[in-house]
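The lines below spell out each chain.
Number of protein chains: 2
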Amino acid sequence: NSLGPSARTSLLTACTVFYALFLTIFSLVLELAHLLNDEESRKLNKKDIIFGLYMYGGSLVFFFYMYIVLLLNPRWYSTMDYLRKMFGVCLTRPKVSPSSDSLSSAAATVRKVTHSSPSAGSLFLRLGSVVFGVTGVVYYAFLVFLCDLDPTCSGLSISLDICAILFIFIQMHFIFCNWKLSITGSHMVARIGTMHLVAANLWTWIRYVLMEEGVMEKEIREVFKHRPVVLNQSHSSESSAENSMELFSESSRKDEHDMKMGQGSCQAVECFLGSLSEIMFTSIVEYSLIAAAVMYIVWRNIGRQDHGSTYVKRKHQIRVDCSKTTTGLFLGLAFLAVTFTSMVVYYGFTMMHRSEKAAYVYAFTDMFQYVLSTIGVLTAIYQMRALKYFNKKTHIQNSDQELLDQILLSIGLVGELIYSVAGLVGLTGEKAWNSFSFILLFVHIFRLIQVGTQTFLLHVARSVRMGGDDREAQPGKQAITFLLTANLAIFFMNLFESEKAGVSEVIIEYYGKRSWVFLVRSFSPLTIFYRFHSSVCFAEIWKNVYASKTHPVHNTATSTATPINI
Amino acid sequence: NSLGPSARTSLLTACTVFYALFLTIFSLVLELAHLLNDEESRKLNKKDIIFGLYMYGGSLVFFFYMYIVLLLNPRWYSTMDYLRKMFGVCLTRPKVSPSSDSLSSAAATVRKVTHSSPSAGSLFLRLGSVVFGVTGVVYYAFLVFLCDLDPTCSGLSISLDICAILFIFIQMHFIFCNWKLSITGSHMVARIGTMHLVAANLWTWIRYVLMEEGVMEKEIREVFKHRPVVLNQSHSSESSAENSMELFSESSRKDEHDMKMGQGSCQAVECFLGSLSEIMFTSIVEYSLIAAAVMYIVWRNIGRQDHGSTYVKRKHQIRVDCSKTTTGLFLGLAFLAVTFTSMVVYYGFTMMHRSEKAAYVYAFTDMFQYVLSTIGVLTAIYQMRALKYFNKKTHIQNSDQELLDQILLSIGLVGELIYSVAGLVGLTGEKAWNSFSFILLFVHIFRLIQVGTQTFLLHVARSVRMGGDDREAQPGKQAITFLLTANLAIFFMNLFESEKAGVSEVIIEYYGKRSWVFLVRSFSPLTIFYRFHSSVCFAEIWKNVYASKTHPVHNTATSTATPINI
Chain A
637 NSLGPSARTS
647 LLTACTVFYA
657 LFLTIFSLVL
667 ELAHLLNDEE
677 SRKLNKKDII
687 FGLYMYGGSL
697 VFFFYMYIVL
707 LLNPRWYSTM
717 DYLRKMFGVC
727 LTRPKVSPSS
737 DSLSSAAATV
747 RKVTHSSPSA
757 GSLFLRLGSV
767 VFGVTGVVYY
777 AFLVFLCDLD
787 PTCSGLSISL
797 DICAILFIFI
807 QMHFIFCNWK
817 LSITGSHMVA
827 RIGTMHLVAA
837 NLWTWIRYVL
847 MEEGVMEKEI
857 REVFKHRPVV
867 LNQSHSSESS
877 AENSMELFSE
887 SSRKDEHDMK
897 MGQGSCQAVE
907 CFLGSLSEIM
917 FTSIVEYSLI
927 AAAVMYIVWR
937 NIGRQDHGST
947 YVKRKHQIRV
957 DCSKTTTGLF
967 LGLAFLAVTF
977 TSMVVYYGFT
987 MMHRSEKAAY
997 VYAFTDMFQY
1007 VLSTIGVLTA
1017 IYQMRALKYF
1027 NKKTHIQNSD
1037 QELLDQILLS
1047 IGLVGELIYS
1057 VAGLVGLTGE
1067 KAWNSFSFIL
1077 LFVHIFRLIQ
1087 VGTQTFLLHV
1097 ARSVRMGGDD
1107 REAQPGKQAI
1117 TFLLTANLAI
1127 FFMNLFESEK
1137 AGVSEVIIEY
1147 YGKRSWVFLV
1157 RSFSPLTIFY
1167 RFHSSVCFAE
1177 IWKNVYASKT
1187 HPVHNTATST
1197 ATPINI
Chain B
637 NSLGPSARTS
647 LLTACTVFYA
657 LFLTIFSLVL
667 ELAHLLNDEE
677 SRKLNKKDII
687 FGLYMYGGSL
697 VFFFYMYIVL
707 LLNPRWYSTM
717 DYLRKMFGVC
727 LTRPKVSPSS
737 DSLSSAAATV
747 RKVTHSSPSA
757 GSLFLRLGSV
767 VFGVTGVVYY
777 AFLVFLCDLD
787 PTCSGLSISL
797 DICAILFIFI
807 QMHFIFCNWK
817 LSITGSHMVA
827 RIGTMHLVAA
837 NLWTWIRYVL
847 MEEGVMEKEI
857 REVFKHRPVV
867 LNQSHSSESS
877 AENSMELFSE
887 SSRKDEHDMK
897 MGQGSCQAVE
907 CFLGSLSEIM
917 FTSIVEYSLI
927 AAAVMYIVWR
937 NIGRQDHGST
947 YVKRKHQIRV
957 DCSKTTTGLF
967 LGLAFLAVTF
977 TSMVVYYGFT
987 MMHRSEKAAY
997 VYAFTDMFQY
1007 VLSTIGVLTA
1017 IYQMRALKYF
1027 NKKTHIQNSD
1037 QELLDQILLS
1047 IGLVGELIYS
1057 VAGLVGLTGE
1067 KAWNSFSFIL
1077 LFVHIFRLIQ
1087 VGTQTFLLHV
1097 ARSVRMGGDD
1107 REAQPGKQAI
1117 TFLLTANLAI
1127 FFMNLFESEK
1137 AGVSEVIIEY
1147 YGKRSWVFLV
1157 RSFSPLTIFY
1167 RFHSSVCFAE
1177 IWKNVYASKT
1187 HPVHNTATST
1197 ATPINI
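So the protein lines, in turn, are chains A and B. Just so we're aligned: the first sequence equals residues 637 to 1202 in the working numbering. Just so we're aligned: the second sequence equals residues 637 to 1202 in the working numbering.
This is chain A alone, in the form it adopts within the complex:
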């Protein structure tokens, strides 16, 4: 009562953060309970469904509010007026009529948003979120189909899946279209809504990370369970290392068999989709991570614009300067072709059940990738000496997007570092050093070097710009293009293979301890995300550093047009 308005706003803002935190902790506990209960099949119980409906329902209501109340195109109001006159019905919307009177005057009073705030995500990131989002929609649609086949499946869980489809699709549209949004309507509602969305995305994220871990655990448990049986069955001519991998494919074939027999030992979705379901899980994990970060940026932007600020239309022009890229692009394509070839070879060896050779192929491809991309990074750093450093303080425009990029890159980096360091530490426990463990050691060392130098490059390149005399040369652009493609190639390789029985299963043998493997493997989605987000950052560098239009360092007369952020 005695508080001033700014103090109250600050307090209520803090409350929305606590609300999101509470929801996140609640969902974490709820999902952990499932994992720790060691349930065979992940049945949704009442609690889950009610919580899920609350999360998705709240998000959908908020999206409805945003699209109808805030974002609606003014011309719809005239249509509504027309309909109202036609049918003589008085709709129960009291606040619409006054604004539709002064329809032609100003759209700003109708749309309580503006698209003038700093960008909350580059084009590449938004395209990525669309790809991941579509994969997620397909996954949930397939769940609906499975539920439809299964007579024991309740209507509530179908409705939950449908809510998830709507949620993912609408949020995808929102992220793609409203990346410069700044809400000037009711701040409180917007803050609660965006925080609810952050919580919903984090919930999805936690859920699928734990689900992946559950799948992994089952897979590993299967190995330890079947182990003596397979050892007896196996021919004596095979080495022990081959056995341990053989039995992975063995067990997976058994799963397939079980599924055919309808014994239901594997969960429905994983049975049908196999490795496809792991790709879909990973996509959902990446999608919800991106969405949570973007929603956090939108939340941060609330209240920065005044209430009465005019409506700024979305920008649509994209301008790309593709000079000095083809050499880097085609080197990157060669890198991609080598990666795909090695994936096919790996797949071929796995099918031939020569799994040790497959593991070698995997390790050598990894080493090839890290060495080559480290060389690319070093070349880029060497060539970019010529560029000018600029003071970040003068360049406030993109700070939000940079914050977003930094948040996402740090998350990925942490995952990547834990994965590599844990792998190295695990290797130190090795008793008998054969050639394969040396190869693994080198792979992990090169991986650490690559990640370190690449993150350094990404950090440095953010704060350099092209000087006027570099206009022709564009130093380092070819290397940046190569690194963009190379990181995409590593991303594809990790997306399709890291979940399969690959090198890490040999590492299981070395490590022995299950919990250790869990620690390492649960960071696998983050390493995939690191690769994806590195590509996003390289695309940003590619666009910003070599922008030929205005930038703070270079003040010629040609700087009439402002740079367009794609």
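For the record, the hints were derived by calculation from the structure and aren't laboratory data. The beta carbon of each residue, even a glycine, is placed where N, CA and C say it ideally should be. Please note that the accuracy of each hint is not assured.
Claimed, not checked - Selected chain B positions facing chain A (in silico; Cβ < 8 Å):
| # | residue |
| --- | --- |
| 1 | Ile798 |
| 2 | Cys799 |
| 3 | Leu802 |
| 4 | Phe805 |
| 5 | Gly821 |
| 6 | His823 |
| 7 | Arg955 |
| 8 | Phe966 |
| 9 | Ala1058 |
Keeping the supplied structure of chain A fixed, place chain B upon it in accordance with the hints.
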């Protein structure tokens, strides 16, 4: 002797065409011989290898000539000079030294090319050729790997595969970078070289179309062979239609089994890659089709520019106007998500061996796709009434690209029409009309309607432009965006599923005759290509029709910048 220079040029030009025609006919006969011999495994004999080495070798020599003699960047000459002075070696290149003397004066005299001629392929088409090309490279690299494993594989056939990798990759680079190339050097060499490239691409095309047909033939033969056995094995509760599909999966599993047993009844590559190899075959077919058409356009452009014309640099700026697209884009994404979901469901049913249901899913998805995209086409045609027709004569600039688009679209259209009409005619032979044959009938009718209206739209939209008063509305752009995405979705569906045992295997039952099936199925790559190229054409329409800069209809003062062809 008595001929004038223009007559001689014309004669020699005709000779290059005959050269390409002779090579194409020769390769057609060579490849048909393989097919008609009914060989079990497609062994390469001496003739094939010599012919292949000649084709690839000639192409590589021509590319070497192009890159070294015609396209080399002048700064390399100074490097060469430097090296020559350093080592005191006299290189045996007589013609280089004079031009390197006057190095700084003019690059035009050194590079005997210019990038000023009309565009020979849009960005979308070139990106497609890169994707298809990388797939082809991966395929050949895998062949090298297989050959390396196989002790009976000769060194010659490895060298042929390596030549193919180099050929595909270098040609990919050439197509991507030199799409506005016009050769001003020796016309005769350039004409022979480009015609050799056209022939080499047509050879690859013929080879892989026939190879696909061979695979198909074996598959179908397998069905007819195993037929009685499976009928005895099958449970009595299943209907006859289900049997016929069951036995496909049965036979494919048998193949897999055979492969494991090492009986070698299936060819090496198909064994390893399964349905992946069919996607790769299709990619190579599409790639060589695009490459042949582009090379034909390059051939056509030779001699249109004078010898002494100045060197024009490649254009690199890309400008895209993305306004009024999001609704269409997201409708298209929903379409894509539905398509992918149905593919997953189809895959699930196939795995559960409920193949009749899978066939229904496939047919209903087809119908859904054709009906929705027909609605999209009609909407686009209705909305585009508002646009202005312009006289094509005044707009000569893009005629080459339009010719290329027309050639490629016609090839695809012919394939699509033959496929649909043959399907319809085949259905007329049906004796017992059950519900499934009615569905197939509707699918084929809708397919014909969709293809007809879409080709009409593509034809009409090529010759309309936005008038000055449509600047804000951009009528039809949303529909065009939707159609672009929808065609991509149909393309993916056809690429991944058309080769699998799907609806067409039910049609085999109806048709009965093997030769008929061959006729229909060998046009399957062309129908896939039709979908891909429709997307390319829609992207062109999207860019050209709604270009906000200069166009013949609208002559305001803002038309200072020329439209940039991406």
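When the hints from earlier in the document are held up against this structure, which numbers fail?
1, 2, 3, 5, 6, 9
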